[in-house]
Amino acid sequence: MVDAIVSTAIEKLSDFLTQEINIRIGVKDGVHWLKDELVYLQSSARYAESRQHEELIRIWINNVNEVAQEAVIILERFSDHQKKHSAPRQGVLDCLRSSICICTKEVELYDIGKEIESVKGRVNEIKNRRAEYGIGNILDTANVQQRKRALLRATAVENKVDVVGFEDDVRILLAELTEDPALKYVSIHGMGGLGKTTLAGKLYHSSELSHLKSRAWVCVSEDYKTEDVLRKIIKSFMKQKLDGELAYLDKMDEADLLQHLLNLLQERDGFLAVIDDIWDIKVWKKIKSAFPDKRDGSGVIITTRYKKVAERVDDRCVVHKLRFLNEEESWQLLCKTAKQTPNLDKLGREMVSRCRGLPLAIVALGGLLFHKKSYQDWSKVKNDLWRQLKGESAEIDEILSLSYNELSPQMRDCFLYLARFPEDYTFGVEKLKLLWIAEEFITDKGDGLVMEDVAEEYVNELINRNMILIATFKFDGQVAKCQVHDVVRDLAIQKASADKFLGVFDSSKKHPNPIRGHRRQAIYNGTGDYLELPGSCSDDLKVCSLSVMNESEELTIEEVKLIYTRFENLIVLDLAGVEHSERIPENIGDLEHLQEPLHLGS
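For the sequence shown, the UniProt record's numbering begins at 1 and goes up steadily by one.
In short, the hints are calculated from the structure, not lab data.
Ideal Cβ placement from N, Cα and C applies to all residues, glycine included.
Treat the hints with caution; some may be incorrect.
[To be verified] Quick list of the computed label-pair ranges, beta carbon to beta carbon:
{"hint": "1", "residue 1": "S214", "residue 2": "N383", "range": "48 to 54 Å"}
{"hint": "2", "residue 1": "G477", "residue 2": "L541", "range": "43 to 49 Å"}
{"hint": "3", "residue 1": "K285", "residue 2": "R566", "range": "51 to 57 Å"}
{"hint": "4", "residue 1": "D29", "residue 2": "Q478", "range": "24 to 30 Å"}
[Said to hold, decoys possible] Cross-link-like lysine-lysine pairs, in silico, DSS-like; alpha carbons within 27 Å at most:
{"hint": "5", "residue 1": "K433", "residue 2": "K373"}
{"hint": "6", "residue 1": "K213", "residue 2": "K288"}
{"hint": "7", "residue 1": "K336", "residue 2": "K380"}
Generate the whole structure from the sequences, applying the supplied hints.
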């Protein structure tokens, strides 16, 4: 997240230096210095992001974000003033006015110089804290992340809970795997927490495939090396051997390992391999040739979060998309994991419905309720469900964060922006693309694609990664509307708020989230209460995006005027979610940055 914010700031500082030729040397030097220092901080912040669970590190990253945003605001303010004083003038009075404007501009240059010096001071403080917090000594965290993922996958495989709702999936896929002697490929895809690994495990341990004696189960890391993947597969097939006996594998290159695995499987009577959690089709393409088709009923099962990966395994591959559990299946799963208490059934069903059929969340809920027996205890869990679930099962955050961490900086922005939509909200794809473009998340990739096409690519990629769910299609088969699963949306809200990327205000909550200081703000409920929140003028000037999403609310013309007056730097104002006056206040013209097509959230 910090990468995208700082990258935007660096780009705008560079543009300022290119376009603003006639500025004082001292000011130009200050902007140059800020740009160079932000590049330096950006590289440190990339490493620090992997340690955001540590409070001091998270504070440090937020400080980097804030100072980058401050630098941009200063430059935007100066550019706005310059535009006002750059109109052509003629005559004596105009010359006099021009002289006054020159003096005014000099004052503004002096002000911007002072503000830049203030930001430079903050940058130096942040740099000093970098060493103090040990950020300069962060080692490559790839191995740590890899171990985390391996642990999570092992937990899923060894989990003794008999997940319900997979009976039909198991029956269908077993029929495919045993249909004829040819080598079979099955790919299972779906969002994190749906139970892909669990389903693969049911197939792997089924009696119908017990005749396939030679077996391997490996998890592929994000930062894979083909040689390492091949070694893991060979060692899994040869698990009866001691590690010392397989030391020779370390001396083999990719070609040797491919041939070794091929020879190994050629000699055996039937094999079954599970390649779990593939993130990139390239790794499969490189190892696929090592699995021979001997027409002995052998099979390869692949799990992935990505639809594109699942579809490109093989022309003959059976592609299986895992569904969410229905209401009754969800309840059955909760009953298997929590002690069923008859007088608490109604409360339990209300809670399980909030899990929206995601097995991972339901199992975590069951574990949370297992030792709670009273109505009061269950009510407390219900009233703060997601925070309680995450406190009980860090696995939910870990699994969903894996998908988030894989996104590019620009796509992280696009994903976090989904936090602006309320629970169960269905949003139009076309509007979402326009909002992304207006927020400047979409940039020209230089390959001839217009920004709308790039935005379309991002939507499709988030769908492909199962981070956005398709709600409806257009008549031509294109995606019309989408939704976000509650658990995924909660992750977006959590990360967007922690990074001060986007804040959510909902007056119906007992303790509404703190929202001041966030550049983008979304109001789910209680616009009047929101406008009465105490805050400084500088906080209001930082807000560049505001959306009001409560369809049952009607804004008064005074409230609309107040929004236009207070938030002068708005780029996006989306009032589509409320009933409001058709009459637009005259002072809308004061919002110079506002993207006109979006101000009513059409």
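Hints versus structure:
Between S214 and N383 the Cβ separation comes to about 52 Å, which falls inside the hinted range of 48 to 54 Å. At about 45 Å, the beta-carbon gap between G477 and L541 stays in the expected band of 43 to 49 Å. Between K285 and R566, the C-beta spacing of about 55 Å keeps the proposed range 51 to 57 Å intact. Separated by about 51 Å at the C-beta atoms, D29 and Q478 break the suggested range of 24 to 30 Å.
At most 27 Å may separate the alpha-carbon atoms for a hinted pair to count; K433 and K373 exceed this at roughly 47 Å. Proposed proximity of K213 and K288 is supported: the alpha carbons are some 20 Å apart, at most 27 Å. Taken as a hint, the K336 and K380 pair is honoured in the structure, with Cα atoms around 21 Å apart against an allowance of 27 Å.
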